[in-house]
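Dock chain B against the given chain A, drawing on the hints supplied.
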Amino acid sequence: MIQIPAQIESIATASLAVEQALRKAKVSDEDRMRALLTLEELLAQLIEHAEPDSVISVRMSRSLYSRAIKISCRGRQIDLQQMMNVDGLDLDAGLMAPEAEDYVREIILRGQSERLSASYKKGVNQISLTVSRTQQAMLINIGISIVLGLVAGLLTRFFCTPELLDSITTNCFSPLYSLFLKAIQMVMAPLIFFSLAYSLCGLSDMRSLGRIGGKVMGAYTVTTCLAMLVALGIALLLHPGEFGSMAGVFAPDEDAPVGSVSLMQVIQDLVPDSFVAPFVTTNVMQVLFLAVCFGLVTVNLGQYRQPVTTFLGSLNELFNRLTAAIAKFLPLAVFGSVASMTSTIEVSNIWMVLSWLGVMLLCLCIMYVLYGVLLLLRGFNPLHFYRTFLDATMMAFSTCASGATISTSMRCCENMGVLKRVYSFSIPLGATINMDGSCIYYIISTFFLANVCGVTIEPSMMASLFLTIMLMSFAAPGVPGAGLACLLMLLNMVGVPTASMALILAVDPLIDPFITALNVTGDGAVTTMVDASEKENV
Amino acid sequence: MNITKTEEGLVAQLAGRLDTAASVHFAAEMQPLLDSAKEHIILDMAELTFISSSGLRHLLTLCKASHAAGGKVTLRNVNNDVMQVLRLTGFDKLFTIVE
Chain A
1 MIQIPAQIES
11 IATASLAVEQ
21 ALRKAKVSDE
31 DRMRALLTLE
41 ELLAQLIEHA
51 EPDSVISVRM
61 SRSLYSRAIK
71 ISCRGRQIDL
81 QQMMNVDGLD
91 LDAGLMAPEA
101 EDYVREIILR
111 GQSERLSASY
121 KKGVNQISLT
131 VSRTQQAMLI
141 NIGISIVLGL
151 VAGLLTRFFC
161 TPELLDSITT
171 NCFSPLYSLF
181 LKAIQMVMAP
191 LIFFSLAYSL
201 CGLSDMRSLG
211 RIGGKVMGAY
221 TVTTCLAMLV
231 ALGIALLLHP
241 GEFGSMAGVF
251 APDEDAPVGS
261 VSLMQVIQDL
271 VPDSFVAPFV
281 TTNVMQVLFL
291 AVCFGLVTVN
301 LGQYRQPVTT
311 FLGSLNELFN
321 RLTAAIAKFL
331 PLAVFGSVAS
341 MTSTIEVSNI
351 WMVLSWLGVM
361 LLCLCIMYVL
371 YGVLLLLRGF
381 NPLHFYRTFL
391 DATMMAFSTC
401 ASGATISTSM
411 RCCENMGVLK
421 RVYSFSIPLG
431 ATINMDGSCI
441 YYIISTFFLA
451 NVCGVTIEPS
461 MMASLFLTIM
471 LMSFAAPGVP
481 GAGLACLLML
491 LNMVGVPTAS
501 MALILAVDPL
511 IDPFITALNV
521 TGDGAVTTMV
531 DASEKENV
Chain B
539 MNITKTEEGL
549 VAQLAGRLDT
559 AASVHFAAEM
569 QPLLDSAKEH
579 IILDMAELTF
589 ISSSGLRHLL
599 TLCKASHAAG
609 GKVTLRNVNN
619 DVMQVLRLTG
629 FDKLFTIVE
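If you read the protein sequences in the order shown, they are chains A and B.
So for the first sequence, the numbering used here puts the first residue at 1; every next one is plus one.
So for the second sequence, the numbering used here puts the first residue at 539; every next one is plus one.
The shape of chain A in the complex, shown without the other chains:
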């Protein structure tokens, strides 16, 4: 905690101390600067309302779910709502409105209204400014769900009669995760469709970026293919899930493909009979085909391009939010899944599920080595890269969100001497389309559950799986739950009962930080390689 005299000259002292604390706590650049900007306004207001010779106390506080700055000072009561009042401002004209200069503070504070709370007790103003809501909140909730699920499962297993155990599992535990999976299934086709179609609408802009754009896209495609080949190789070599077969335990889906299909059949099936058919049957290849057609045609729509793009963008946002809302129930589904598994499953099958985690981690480690080799081939010291990029990797690990790591990744690239014109394009693009870790997750999980359920994936199906995952890595939105939706579509495609997803639902969130860390490190590695290539051209 620091205390400063309530004087304008002291604001910088408090601001610098808070900045130092936030840097030390590895708060993201965006959250740090947002907090410092707001803090400055709050301190100025407290000073304006302070009693003579009073002191402002500033302290950092941290709870399980958030980090906040608490400020207090004796004086007249502050009206936070008044400080955010922009009634006199022409909002349509925005910052160029004639009176905008008078409202800069209000505009800043208004944007932070959800992060601010104030109280006034015994002549003291107390303000709380939330700096960041911990991204691990979901992980913490899931951890609690796993423990509670284990306890509930063990209690029912050892203290209930077989009839009661069956009744509890069927009526209490199973519906929790089966409802969740159904809800995700409900949104997965439109989610993927609008995400890919909308992404493709921006393709012409990418073309205009010329050489760097081409190099970055090419390098991302290469690393994505490498990641998928690694996962495919490991899946075929180690056969994850095969030693504890649960064939017949999960009911097959009604529309599951039967028997082997030729590559020609896969190509023929690509074109749907009608526009709505792929959405009704959730045929992933057909959904992707339609999305590609939509996206590419929209680019050439002339005067209608903008309204159609806006329409696709709006629906993309709608389904992103819907998926994120459903994903909030993941802890409940995890509880149901863990409790159900613990109460009924054999111990050997728990080991089998853990083996999925092991195989995933092995593939991720191989990719780190491969990035190193690629960097070495470009004449860049991989150890230097991993050391300098560690901040971004750790940030990705702790936030599980590629988007939240963009500014840290850019800073790391800057520290490595990467050209700004390269990283300012490559890093944000990579956060959207480069998903090496996710590709590994899709392949290993699909093969694992196929092996568990005794489903054979034919070579022709592997080829279409490869192509589908490639497109999905480009299209999958970065919202919670999107990964599960994509995996469900893949299971559907290869004929694995989607109910089997319950097996990995419990441990799935544990692998998420590792996947995001690899995705972000991949972005950094590609950016560094393209930078090296650009410098060679000069």
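Hints are computed from structural coordinates only; laboratory data are not their basis.
Among the hints, a few may not be true.
Claimed, not checked - Here are the simulated DSS-like pairs of lysine-lysine, each with C-alpha atoms no more than 25 angstroms apart in a straight line: (1) B:Lys602 / A:Lys420; (2) A:Lys24 / A:Lys70; (3) A:Lys182 / A:Lys122; (4) A:Lys420 / B:Lys610; (5) B:Lys602 / B:Lys543; (6) A:Lys420 / A:Lys535.
Said to hold, decoys possible - Among the chain B residues that face chain A by a calculated CB cut under 8 angstroms, a handful are: (7) Ile541; (8) Thr542; (9) Asp557; (10) Ala559; (11) Phe588; (12) Ser591; (13) Arg595; (14) Val623; (15) Thr627.
Unchecked claim - Cβ-to-Cβ under 8 angstroms is the rule here; a few derived chain B residues that face chain A: (16) Arg555; (17) Thr558; (18) Ser590; (19) Leu598; (20) Asn618; (21) Asp619; (22) Gln622; (23) Leu626; (24) Val636; (25) Glu637.
Backbone N, C-alpha and C define an ideal beta-carbon position, used for all residues, glycine too.
What follows is chain B alone, placed relative to chain A:
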């Protein structure tokens, strides 16, 4: 603030923190720029570490004056932290920002 006239236009070098305390002096220092609003004004922010709403307010005044006089304001060498502030407040859309 150090202002020099170059072939590109008027180059003003900003340094340190442009916060509530500093902006009192900045208003006076900025007057020569407002007087030359019809010219191309380049604000070199290489040494600027922080900008608060008070600083942004002055930038907005300069931007509007330049706009009205047919001039142009360019921000140069904006560091990551200041860029974050500009992005968060939407000020990045008001100016041409170059490396």
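Query - In rising order, the numbers of the hints this structure does not comply with - result: 1, 3, 7, 8 and 24
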